[in-house]
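4 protein chains.
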Amino acid sequence: MPTTTTRLRVRYAETDQMGVAYYANYLVWFEVARTDFLRHFGWTYREMEAGGVFLPVIEAHCEYRRPARYDDELVVETSGRLVSKVRLTFEYVVTMAGQTDVVASGYTAHAATDPAGKPCRLPARVHEVFA
Amino acid sequence: MPTTTTRLRVRYAETDQMGVAYYANYLVWFEVARTDFLRHFGWTYREMEAGGVFLPVIEAHCEYRRPARYDDELVVETSGRLVSKVRLTFEYVVTMAGQTDVVASGYTAHAATDPAGKPCRLPARVHEVFA
Amino acid sequence: MPTTTTRLRVRYAETDQMGVAYYANYLVWFEVARTDFLRHFGWTYREMEAGGVFLPVIEAHCEYRRPARYDDELVVETSGRLVSKVRLTFEYVVTMAGQTDVVASGYTAHAATDPAGKPCRLPARVHEVFA
Amino acid sequence: MPTTTTRLRVRYAETDQMGVAYYANYLVWFEVARTDFLRHFGWTYREMEAGGVFLPVIEAHCEYRRPARYDDELVVETSGRLVSKVRLTFEYVVTMAGQTDVVASGYTAHAATDPAGKPCRLPARVHEVFA
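Protein chains in written order, with the working numbering: chain A, 1 to 131; chain B, 1 to 131; chain C, 1 to 131; chain D, 1 to 131.
One or more of the hints may lead you astray.
[Unchecked claim] Restricting the straight-line Cα-Cα distance to at most 25 Å, the calculated cross-link-like pairs of lysine to any residue (SDA-like) are:
1. B:Lys118 <-> A:Glu73
2. D:Lys118 <-> C:Arg66
3. C:Lys85 <-> D:Arg65
4. D:Lys85 <-> C:Glu63
5. A:Lys118 <-> C:Lys85
Since the hints were derived computationally from the structure, they do not count as laboratory data.
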């Protein structure tokens, strides 16, 4: 499975009064990570949308193992998998930079749609990445 | 299962360039809904934290069926379930106000901890709600 | 000056590790408050955008006096003022529900544009509100 | 005036249905930029809070000139200025990477407080940066 790595730092805005990163932000980091994944394979999600193909999320899941705190540097390992001609799944594993313990892990499932929201086939370039 | 209802309106801030509510915001709405759930049963998550018991999320899941748009009024139906003496699960169903079609549904699982992050028993008041 | 009132509760997601509402969220609350302002006068910002007029923010300002905390109920008093045929300003005063001490106050300035981002005149209905 | 530079990319989560970065996110980017500013001068805001000094925002201002879009790479130039023994101001200029046109500019004012929220003197290390 093609895999890429994204690094990011926990922002103050992303913490909550428990002193840790608020749980919804992991889904934002997953989005940053899959943008990097696509960019790594030679194009961008921005170009894909410009080309009329959208990738809305149809399912998201996250398991939280250890808290992440303000200013922590995190590593998100992202791998992608073609589920069908119209569906794509990304898996994410978040660790603290320089450590192996898992902070969180999860996945998102996506269905390709046209600008009107109708299902459509993923572009050939996406198929090539997973070939 | 005890169940409560929360109403909220999609904020402009919560939309993205696809013209729909960004997927991570559903987890924020789930949080608003479970705060209401606890309040409905006579106390608040705020009091619970003041009493030294925290409810960090250990797992979150959401399935997205239909897009929600800016200014849409949404209804979140929330039900809670005691999984063990230290674990609690909430389930959420999001619909458009006045409609029955599901916009999204999901759950969050929580483990009670003390201020140091160590697992602890849920307060007796929580047990009573689910008795 | 036409004035409206909006009530909202501080979400857990909106707190930070200082235990108070994170400062950028006040701009989100200002947006919720001006959406209510427009709705109060018989139509909605949603309709305005559907009609091809956008109101991007060209300036935002906020002064923070007292912290707001999780689950606090806040009141935002919003007043609007027409600055020219294309410009509009909103002023906001945030207080804790049932109290008069100011939590924060600020303003946003807006310029009407068409869907392509070119300046355009505010709709007649907007002018009527401020007549 | 000491000045530092921060680079960041607009996240999908940060866009709104107008297709541009939502205005409140600029305050988040300002926070990321001042965290970098402090780090650049040999310590971190995280250490400062651990040492019992907090820097809550007492005023924030932003002027928006040109829209920023998803995946745009932005540069934030940040300069800091000591206003008194307890007050600090940061100024920010946001441009598109590789361009000189200003996307947005603004400032934040901060007052040093102890963990109880009482005003306190800025640490000697902060004074040295601005000496």
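A quick look at each hint next to the structure:
no.: 1; hint: B:Lys118 <-> A:Glu73; in the structure: 24 Å, holds
no.: 2; hint: D:Lys118 <-> C:Arg66; in the structure: 12 Å, holds
no.: 3; hint: C:Lys85 <-> D:Arg65; in the structure: 19 Å, holds
no.: 4; hint: D:Lys85 <-> C:Glu63; in the structure: 20 Å, holds
no.: 5; hint: A:Lys118 <-> C:Lys85; in the structure: 40 Å, violated
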